[in-house]
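Enquirer: The chain contents come next:
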Amino acid sequence: MTCEKVLGRLSLFLDDMIEESHAAAVSLHLSQCSGCNRELMRLKSLQNQLGSLEPVEAPEYLRDLVRRRIAGARSRVWHKILRSDLEYGWSKVRTTEGKWYAIRLLGALATVVFFIAISAAVSPIPIDLSDHLAARGEMWAARALTTNLQRVFGSPLEAQKKPIRSSEPKINDEYLANFAENASRIPQDDTVSVVFMVDSSGAARVQNVLEYPVDESLLDDFTEMIHSAAFRPASQNGRAVNSPLVLTFTKIYVYN
Amino acid sequence: MNTGFPDELTLDNYKEDSGPLDLEGTCVRAAETFEEIFHRYQSMVFSLAFRLLGEREEALDVTQEVFLSVYRKLRHFRGASSLKTWIYRIAINHASNRCRWWNRVRRRGTVSLDEHLSADDDRAFSETLPAAGDNPERALLMMERRREIERSLLRLPVRQRVAVIMRDVEGCSYEEIADLLKVSLGTVKSRIARGREELKRRLNGTLESQAGGNDDM
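First to last, the sequence lines map onto chains A and B. Letter 183 of the first sequence, counting from 1, is numbered 183 in my numbering, and no numbers are missing. Position in the second sequence (from 1) plus 256 gives the number in my numbering.
Okay, chain B solo, but in the shape it has when bound (with noise of 0.2 Å):
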């Protein structure tokens, strides 16, 4: 099978050496490749990691660098987590990097991240459409709250921004937190609890409607 990878990406070459890999709690089978691993997390780690950046080439060129590290050290996994958790840390390593290195050239003034926040969203045109069917106005309505949390979440510390994103976006648990981020479970629990606090504290008037139809229904 031509994968369009190079041939060393396949991963009966290192199988020997390294053990089985965990999939998900299902052992590769020898057929599958680095093909196949790209294809189960790309979407995960670009989703992830447009979250974090909050722009699409920030978020393309981590992704590729997420599966350059992937590539290079996937002879040296040896399972003792996940490959999902492993895919993860390494995810959030480079996205935290780059966010970091943004705050840095937003603090010296040279590059304003405001301003990719404030214009129009990155996205394609086709993903802002609402979808057929759908209230035009409700969609609208949707899209502009949806528009304001995501700005809310980008203007939140980096730590506080992964964890809240780890926890409430990706659905993973304070424990898997705590082990993706090699911090203890109170740090977790405090990132979370203050990025929760700030992001409630930025979107007053959203989720004041929003509990307002919550009490009413």
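So that you can see chain A by itself, here it is in the shape it has in the complex (with noise of 0.2 Å):
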């Protein structure tokens, strides 16, 4: 048995831990080599130094605290508990080497999955995601990322695809010939002019015409206007009080 052999099962062989297969070679080495004696001299020496640690004893005072801190506990409310514990459970993660980056490994891959879902939700660019995982014969991921997502967020993909429908263009021929015959009328202005009522619901009906325009039209867009609104009744005393109103319109051509 070799040198390196024997030292990584000294610790073992002082212990008497080692097998019997072993030990027998492991003695006869060390019969024969000084270097891995005197290791395993030194190893004794370290046990034995460990051995001679003296027991430290607690002081005095410490059953006093001990009776102050069960105390203290028993008098505690169930929120507080709850808390203590929560935090003992966290203090716990945060020490434990491996739990406390598996933790911070999940919140990480949370946070990506979060701010992928979130911007494929609000982005006006379409995000597929599937075309390029099923190149890499991720065919199963692309289904599940999406379904996922339009779980979540209703089905803003299949939305983002489909493909803007123009109807006929607006402005075709018969818009510029219009348009042409309109333009080379001579306009003018047009005036209205009505007295109506606000009752004391904000309801409001016309009474009288001061003015009536040229464009019969006009007067009856602006009637059905005031019929249709809603007015703020005037108030007397704190009540609320008929009122008649006068309004004018008046619509004015602007030349460039």
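Simulated from the structure, these hints should not be mistaken for lab results. All clues stand as given, with none of them false.
Each computed PhoX-like pair below joins lysine-lysine, with the alpha-carbon atoms no more than 25 Å apart: (1) A:92 to B:329; (2) A:92 to B:340; (3) A:5 to A:44; (4) B:456 to A:44; (5) A:5 to B:456; (6) B:438 to A:92; (7) B:329 to A:80; (8) A:99 to B:438.
In this text, all values refer to a predicted model and were calculated from it rather than measured experimentally.
These two chains come separately, so use the hints to put the complex back together.
Expert: As structure tokens, then:
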């Protein structure tokens, strides 16, 4: 047996925990190798020194500290106990390397997924990972991602993928011809002026026409607008009252 | 008997539903109370916490937490292992958590454990004085060696530190340590061997003189 192997087994040999098959070989080697024997002596010395460390006596006041800690714990209400337990659980996570790094990794992954989902939901540019993932033979991942995003945010991907269907062009030959005809007419200003009553409920009705417009349709439109509008009634001594109003509307042509 | 502890701490109150507790092979007498458990194991817990943490205040704090846990969980103790093993396990868990927390803080550079390692011992002054009748020079040498060992122990990784302390300081068997730590026997062997190797490397000079002394004898 080589020195390297013997040195690796010295600790077990010292504690008599080495396999019997190796014990004889190690023992034989130690009887012949002064270097390994010296290492064994050093290990024994270490063990003796560790064993000679005396127990440390607890101070007298420890009992009082424990009693107070227990009394404090007993007097706590349920939410403080819950908080304490949660803090303790979290501290165990924080102090256990494996758990702590796993939690951080999960948090980072969750953040990435969250932002991908958000950008997929609000982005005007359709994000379609299917082709990319399918190209790598990961169609199941593409389906899962799309399905989950649709489940959470409706179906933005499908909506975004729809082509924009344009109707017939509104500016066509007919429009241009009408535009030229309208433009050739001599425009003129037009005015309508009416008296109407706003009652206490806020409804209005036209009572009289003070000035008729040239274009009859303007009066109709104006009257309809007043009837369909809701007004805030005037108030007198804190009570809503009927109030007459005069409204004048003027259509003005503006020339370049 | 007024124990100074709350009444609920008497074992009588939960003895009926938890069955007899096994204190080192002896069933707990009806009159035994938490006071007795505390009295019996306080030094063991405090000493272990001090060895693992290297600081008196931390050890005191962990000891309180351990006995608070014992107080809370004693009702659920079913005697699958001895009470001593059970309390050892709680103490190791609490102290290990505290060690890891300290290591994390140290890595962040906010607090240096080396400060208290390099400072004078945390123990009370009276504990550092040599016993009457000892050779002062020898006592001083022994104290220096003890400090050197304690410093080296504290620089070991937590798991190796626990394994070495349980084996060489507390005198537990490999099987007991495996049971305490809930790991395999092979893991315990590996941790102890690595821990000792690291200690041997750190205590090179001290062990040389000791081993030389042994050779001379």
